[in-house]
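Student: So the chains spell out like this:
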Amino acid sequence: AQSVTQLDSHVSVSEGTPVLLRCNYSSSYSPSLFWYVQHPNKGLQLLLKYTSAATLVKGINGFEAEFKKSETSFHLTKPSAHMSDAAEYFCVVSRQKTSYDKVIFGPGTSLSVIP
Amino acid sequence: NAGVTQTPKFRVLKTGQSMTLLCAQDMNHEYMYWYRQDPGMGLRLIHYSVGEGTTAKGEVPDGYNVSRLKKQNFLLGLESAAPSQTSVYFCASSRGGRGNTIYFGEGSWLTVV
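Protein chains in written order, with this note's numbering: chain Z, 1 to 115; chain R, 1 to 113.
Check the hints yourself; a few may be wrong.
Quick list of in silico lysine to aspartate or glutamate cross-link-like pairs, EDC-like style, CA-CA up to 20 Å [what the hints assert, rightly or not]:
no.: 1; chain 1: R; residue 1: K9; chain 2: R; residue 2: D38
no.: 2; chain 1: Z; residue 1: K42; chain 2: R; residue 2: D38
no.: 3; chain 1: R; residue 1: K71; chain 2: R; residue 2: E52
no.: 4; chain 1: R; residue 1: K70; chain 2: R; residue 2: E52
no.: 5; chain 1: Z; residue 1: K42; chain 2: R; residue 2: E106
no.: 6; chain 1: Z; residue 1: K42; chain 2: R; residue 2: D26
no.: 7; chain 1: R; residue 1: K71; chain 2: R; residue 2: E30
no.: 8; chain 1: Z; residue 1: K58; chain 2: Z; residue 2: E88
no.: 9; chain 1: R; residue 1: K9; chain 2: R; residue 2: E79
Honestly, the hints are just simulated from the structure, not real lab data.
Sequences are here, hints too, so could you generate the full structure?
Tutor: See the structure below:
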């Protein structure tokens, strides 16, 4: 069975400080992993994805994530937070095959950025 | 680039009324999905389609029906709306296949009173 745990429902950082959003997954198969961002009253936008190539994945807007199989983690980081980063972030795991029903969304982490 | 377009964006319904949400994608994607998003529950899959003329149930299909008569369109119907169906609805599409990105529409806010 697959599942996704986002360890923090809410994270607050000061502008210019690093961001760490944590995600742990469980999957019986080699997963594909994604981070999506949702700004208020908007749809979800892909930040980055891991599909078994390089374990350190770079995404848009300066975000990156590292796939650590031994820790079953895919934490999202950014060196310096910007006010525009305030949003909801979703970690998503999907099974290697094409079945839709193996796409699992985490509950989300709300990021606040303090001026 | 339109991507995934949903209409309407906002709607208020009375209990028992029916309505249809329309989703259109211009990326020639095979897979299309309808999700609902509720506070603290993330996104839950309602129905999905892996190609024109096909539909299947997701996690929370009760009270909803769907149709995919054309590849680019995926309709979500509520036959008899209930207050429990008050939610934000997202349509999405993808090529299908390993690691393919799912592209989302901007959401439809539905309130059932």
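Student: With reference to the structure, classify each hint as holding or not holding.
Tutor: Here is what the structure says about each hint:
1. With a CA separation close to 16 Å, the supplied pair K9 of chain R and D38 of chain R stays within the 20 Å bound.
2. For the proposed pair K42 of chain Z and D38 of chain R, the alpha carbon gap of about 14 Å is at most 20 Å, so the pair holds.
3. As the CA atoms of K71 of chain R and E52 of chain R are separated by approximately 5 Å, the hinted pair is consistent with the 20 Å bound.
4. With a C-alpha separation of about 6 Å, the suggested pair K70 of chain R and E52 of chain R falls inside the 20 Å cut-off, and the hint holds.
5. Between K42 of chain Z and E106 of chain R the CA atoms are separated by roughly 5 Å; this keeps the pair inside 20 Å, and the hint holds.
6. Among the hinted pairs, K42 of chain Z with D26 of chain R is consistent with the structure: their alpha-carbon atoms are about 19 Å apart, no more than 20 Å.
7. For the hint pairing K71 of chain R with E30 of chain R, the CA-to-CA distance comes to about 7 Å; that is within 20 Å, so the pair holds.
8. About 19 Å separates the Cα atoms of K58 of chain Z and E88 of chain Z, which keeps this hinted pair within 20 Å; it holds.
9. Straight-line distance between C-alpha atoms of K9 of chain R and E79 of chain R comes to about 19 Å, which keeps the hinted pair within the 20 Å bound.
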